[in-house]
Every structure is written in structure tokens, then in C-alpha cells.
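A.B. asks: First to last, the protein sequences are chains A and B. Using the numbering used here, the first residue of the first sequence is number 373, and each one after it goes up by one. Using the numbering used here, the first residue of the second sequence is number 318, and each one after it goes up by one.
Note that these hints are calculated values from the structure, not bench results. Note that the structure is predicted; figures quoted are calculated from it, not measured. Positions of the beta carbon are idealized from the N, C-alpha and C atoms, including for glycine. There's no promise every hint is true.
[Stated by the list, open to error] Counterexamples of contact, computed for chain B against chain A with all Cβ distances above 12 Å:
#: 1; residue: 368
#: 2; residue: 371
#: 3; residue: 380
[Stated by the list, open to error] Just a few of them, taken from the derived set where beta-carbon distance is under 7 Å, the chain B residues facing chain A:
#: 4; residue: 342
#: 5; residue: 344
#: 6; residue: 346
#: 7; residue: 351
#: 8; residue: 353
#: 9; residue: 359
#: 10; residue: 384
#: 11; residue: 385
#: 12; residue: 388
#: 13; residue: 389
#: 14; residue: 392
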Amino acid sequence: MISRRKLLKKAGFAALAASLGVSVNAKTQSGRVVIIGGGFGGASCARALKALSPATEVTLIAPGDTYYACPFSNLVLAGVRRLQDQAFGYATIEAEGILRIAQKAVDVDSENKRVIVEDGTKISYDRLIMSPGIDLNFDVLPGYDRAAAALMPHAWQAGVQTEMLAAQLRNMPKGGVFAMSIPDNPYRCPPGPYERASLVAHYSSKHNPTAKILLLDAKDTFSKQALFTAAWREKYGDMIEWQGLSQGARVTSVNPEQQLVQTDFDAIKVDVANIIPPQRAADIAQRAGVTNASGWCPINAQTFESELVANIHVIGDATIANAMPKSAFAANVHAKVCAAQVTQLMAGEPPLSAKLINTCYSLVAPDYGISVAGVYEPEGNRFREIAEAGGSSPLNADASVRQKEAGYAHHWFNSITAEAFG
Amino acid sequence: MRDVSHLLLALTLSHQVVAADAPESLAGLSCSGCHQTGAEQLNLRLLSAAEIEQKLLAFKSGEANATLMTRIARGYSDEELRSLALELGGPDP
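Please take these sequences and the hints and turn them into a complete structure.
C.D. replies: Quick look at the structure:
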């Protein structure tokens with residue numbers, strides 16, 4: 373037997389996997405695991421699983437050859453990053469012996485343990501890991517359907533939508549109003565809307581200094597609120613105006629043709645409307661029967677196995693398990709832990725214990741970073757946040773600290789995308 | 318000392334024993350998203366387990382300054398930090 377530490381001395385992702393407390397039985401276990409979703413969760417999971425258990429047949433169902441990462445896509449809006457820098461492919465994953473099916477999963481037959489893809493092919497699994505991400509809920513905000521998203525982009529799934537919103541910002545009239553509709557919790561990337569507002573302000577302060585950024589929020593408090601609010605004042609004066617639920621700011625309907633946004637209180641004519649609608653687990657999760665009435669997927673927080681359907685595990689944004697937020701960081705951690713637990717379970721071994729970390733960096737400006745972090749412990753079907761740990765960056769810190777955190781944000785992006793996509 | 322203890326562990330366990338040659342934890346998986354590439358302290362493979370343990374304990378006590386790691390290290394017992402360091406440390410210098 374090769375010792376754990378000897379294996380650890382090899383470089384690369386496999387080394388990390390080899391360093392885990394996963395049993396030798398588990399590491400030589402064969403079987404079929406199918407993974408749905410080619411984002412941070414699915415890609416990380418496929419690679420972790422193959423590294424941990426080379427004999428396992430790992431299939432990754434991920435349509436398209438390019439995945440556009442959401443983290444840092446707000447820098448694309450700000451004109452300081454190219455969309456192509458957000459693009460990741462599956463070449464490394466395929467070279468590592470993972471079978472990738474470049475189609476969309478359209479159904480899951482959990483009774484017969486099969487996934488059905490677009491062309492009708494049925495793919496059998498022993499265990500299925502779903503990392504389907506979110507779908508935008510086009511049924512809940514009157515006026516905001518798929519067609520409306522072409523006029524009032526959400527840009528909450530990166531790619532074409534990012535480019536559309538960036539183009540609208542570039543073409544906004546001088547002194548125009550950029551409005552953003554922000555949903556109630558839970559949704560993908562809790563601090564994301566506020567980072568976006570910051571970076572739109574960064575762009576506008578250079579190119580359209582009399583522009584107004586109006587944030588219409590369906591809640592009264594938000595992630596890193598004190599930090600964002602102070603930084604906005606410091607860097608952008610009164611360019612950004614945030615209004616919360618109590619002020620009647622919740623958006624209740626939109627009219628894309630007339631660029632009108634209706635709130636509890638007012639009808640507002642805007643120049644750019646960035647509508648971030650409420651969200652739920654992606655459709656395929658509903659097809660598989662792993663969502664509950666909330667629209668999200670309840671899981672066992674230790675193994676990520678669905679509370680509703682056996683042999684299906686769910687990771688990433690689609691899950692709902694109390695405190696842990698929907699972030700790329702969390703999806704990547706879920707993915708690795710789930711891969712290890714599935715390896716154990718398939719070998720008939722008990723699941724292992726793990727505390728999980730989440731960290732979200734936000735950029736208030738390209739050289740001004742802030743962060744929020746948490747440490748979580750699985751407890752039944754929820755993650756319990758460890759009270760002694762976590763929290764946001766300090767409110768009073770000098771520019772060098774903010775600059776350092778901006779640098780770490782970039783480092784994190786490069787590191788996590790290397791781990792997920794190779 | 319670390320290597321000796323590990324060698325002993327490996328010898329004791331030999332090859333018929335499974336699931337016992339490592340801490341029964343997956344905690345280190347949370348770290349690699351940030352700490353697998355780059356230079357200096359960001360690449361944990363460039364640090365020994367002893368160095369990592371020392372740093373983690375100093376972050377936890379507040380003795381060492383950091384933008385983020387002080388907030389993370391407080392979520393773990395000293396034993397958990399030691400186990401993490403063993404999981405993550407690179408080869409001895």
C-alpha cells in the first residue's frame with residue numbers, strides 16, 4: 373500500500389484526493405456515477421471522483437463546449453475584463469478519463485436509475501450526482517418572461533446575457549438611470565447584485581459620471597451591507613441609490629417595451645433595466661423529483677444525498693440546506709466532499725465527517741475587495757454555521773487591505789477554475 | 318517527528334487495514350479551492366505540515382494577522398487544525 377503521505381507528495385489534484393481519509397476499498401471501487409451539470413459543482417465533482425476512485429466509470433453530462441463563469445462576470449460589465457476570460461471548457465476533464473456527454477439531461481428515471489439526454493439515449497447509474505444550478509423563475513414576476521430577458525437582461529447566468537447587459541450599459545444615455553431588481557433570499561450569489569452595482573458605478577464614474585444606479589430590493593438587509601454602503605459613499609458619492617422592501621422598492625411587474633419597472637410604490641421609467649428574477653433549482657431537478665415546495669433540493673448535509681430520492685445526490689446552488697449560501701466556492705466544496713462520500717458509500721463504507729468553508733469575495737472596484745466567510749458543520753439536513761468563525765471584512769480598514777483582498781479574489785478565481793476545469 | 322509517526326502508522330497498519338491510514342475527515346477539501354496554486358503561502362504544497370499548523374494556530378489566536386484566515390481558523394479546534402495541517406502539508410523542505 374502506498375502511504376497517504378507518499379501520495380500526497382505527488383503534485384496535482386489527484387494528490388489532494390489521495391490525501392483524504394477515504395478508504396482503500398473505496399478507492400478501488402468500481403461502479404457507474406453520472407454527474408449532471410458542467411459548472412463549478414459538476415466539473416469539480418467529476419474530477420474529484422475520478423481522482424479518488426479511478427476504477428469508477430464517471431460520466432459528466434454537460435451541454436455545449438464552453439461554460440461561462442459567473443464570478444468575475446461583473447468585471448466584464450465594468451469593461452475591465454473580457455468575456456472570453458470567463459470561458460472554460462472540458463478538454464482536461466475528457467483527457468482524465470471522464471466520459472463527457474455534450475447534451476442536456478432532459479429527464480431522470482430514478483426507479484430504473486437512468487438519465488435520459490436530448491437524443492433519447494439512456495445512461496444508467498449506480499449513483500447520480502446532480503449539480504444543475506439554477507433556473508430563473510419566469511412565472512412569478514408579471515411581464516418578465518424569456519422574451520423580456522432579451523430587453524431587460526438578468527445577466528445572472530453568464531455569457532450572452534452578460535454581453536447584452538454590458539452593451540446596454542455602454543449605450544446608456546448620459547445621465548441615464550440603470551435600475552436593478554434584486555430578489556428576496558435565497559438566490560445565487562447573495563452579494564452579487566451589490567458587487568454588480570459597484571462595478572457598474574466604477575464604469576459609469578469614468579464614462580457616464582452623471583448616471584444614476586437605482587437598486588430596487590425585495591428585502592431590507594443584504595450581504596456585506598455595511599461594507600458596501602460605506603464603500604459606495606466613499607468611492608461613488610451618491611451615484612448608487614439603494615431602496616429596500618420597507619420603502620416599497622420590491623419590483624412587482626415590468627413592461628419591457630416601455631422600459632417601465634413597477635414597484636410596490638411607484639412606476640419608474642428607466643434607461644437600463646437589469647432584472648434579476650427569483651430563482652429555483654434547475655428544471656431537471658424537478659423532473660428528477662428532488663425538489664420540494666420551496667423549489668430547491670433538500671439534502672442530507674453530510675452525504676448530499678437527496679432527502680426525497682435515494683441514490684441521487686445534489687450539490688451546489690440547487691440545494692437548500694440552511695446557512696450555506698449559493699456560491700461557486702460552496703459548489704466546489706460540495707463537489708469534492710460529495711465525491712468522497714459517494715466513493716465511501718459505493719464501497720459500503722460509512723460517510724466521513726467534514727466541516728465546510730465558504731468564502732465570497734466581492735469587488736467594490738477592481739482594486740477594492742471585501743469578503744464574507746463562514747465555517748459550517750453538517751447536522752442532519754442542514755448546515756449549522758459555527759458561531760465563533762466567519763463574518764465580513766472589517767469596516768475600518770485602509771486601502772492596502774482592500775487592495776490585498778482584491779488580489780486574493782483574483783487568486784481565488786484562478787485557483788478554483790484550475791481545480792474545476794483544469 | 319511527523320514523518321516518524323506516519324511511518325509508524327503505515328507500518329502498523331500495513332496493507333490489510335483500510336480506512337485507517339488517514340484522519341477520518343474530509344475537512345481539507347474546503348481549502349484547495351484557494352490554496353492549490355500560486356506562490357508562497359497561497360500554495361500549501363510549498364509548506365510543511367508543521368508550518369501550516371503553526372500558522373493556523375496563530376490565525377486562530379489572533380497572534381498572526383490575515384485578511385481572511387483569522388475568520389476561518391476560529392471555526393476549528395486545535396486538534397482539527399493539526400489534522401488539517403497533516404492533510405494539506407507538502408513535502409518537508
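A.B. asks: Would you mind marking each hint as holding or not holding in the structure?
C.D. replies: Evaluated hints:
Residue-level check passed: residue 368 of chain B sits 15 Å from the nearest beta carbon of chain A, beyond 12 Å. No beta-carbon of chain A is positioned within 12 Å of the beta-carbon of residue 371 of chain B; the least distance is around 19 Å. Listed as a non-interface residue, residue 380 of chain B keeps its Cβ farther than 12 Å from every Cβ of chain A; the least gap is roughly 16 Å. The restraint placing residue 342 of chain B at the interface with chain A holds, with a minimum CB-CB distance near 6 Å, inside the 7 Å limit.
Proximity of residue 344 of chain B to chain A holds as hinted, the smallest CB-CB distance being about 5 Å (cut-off 7 Å). This hint holds: residue 346 of chain B has a C-beta 4 Å from the nearest C-beta of chain A, less than the 7 Å allowed. Because the smallest distance between the Cβ of residue 351 of chain B and any Cβ of chain A comes to about 5 Å, under 7 Å, the interface hint for this residue holds. This hint holds: residue 353 of chain B has a C-beta 6 Å from the nearest C-beta of chain A, less than the 7 Å allowed.
The beta carbon of residue 359 of chain B is positioned within 7 Å of a beta carbon in chain A (closest approach about 6 Å), and the interface hint is therefore held. With a least beta-carbon distance of about 5 Å to chain A, the hint placing residue 384 of chain B at the interface is held under the 7 Å criterion. Checking residue 385 of chain B against chain A: minimum C-beta separation of about 6 Å stays under 7 Å; hint holds. Evaluation of the residue 388 of chain B hint against chain A yields a held restraint, the C-beta minimum of about 5 Å falling below 7 Å.
Taking 7 Å as the C-beta contact cut-off toward chain A, the hint placing residue 389 of chain B at the interface holds, the least distance being around 6 Å. Contact between residue 392 of chain B and chain A, as hinted, is supported at the beta carbon level, the nearest pair being about 3 Å apart and thus within 7 Å.
In summary, this structure violates none of the numbered hints.
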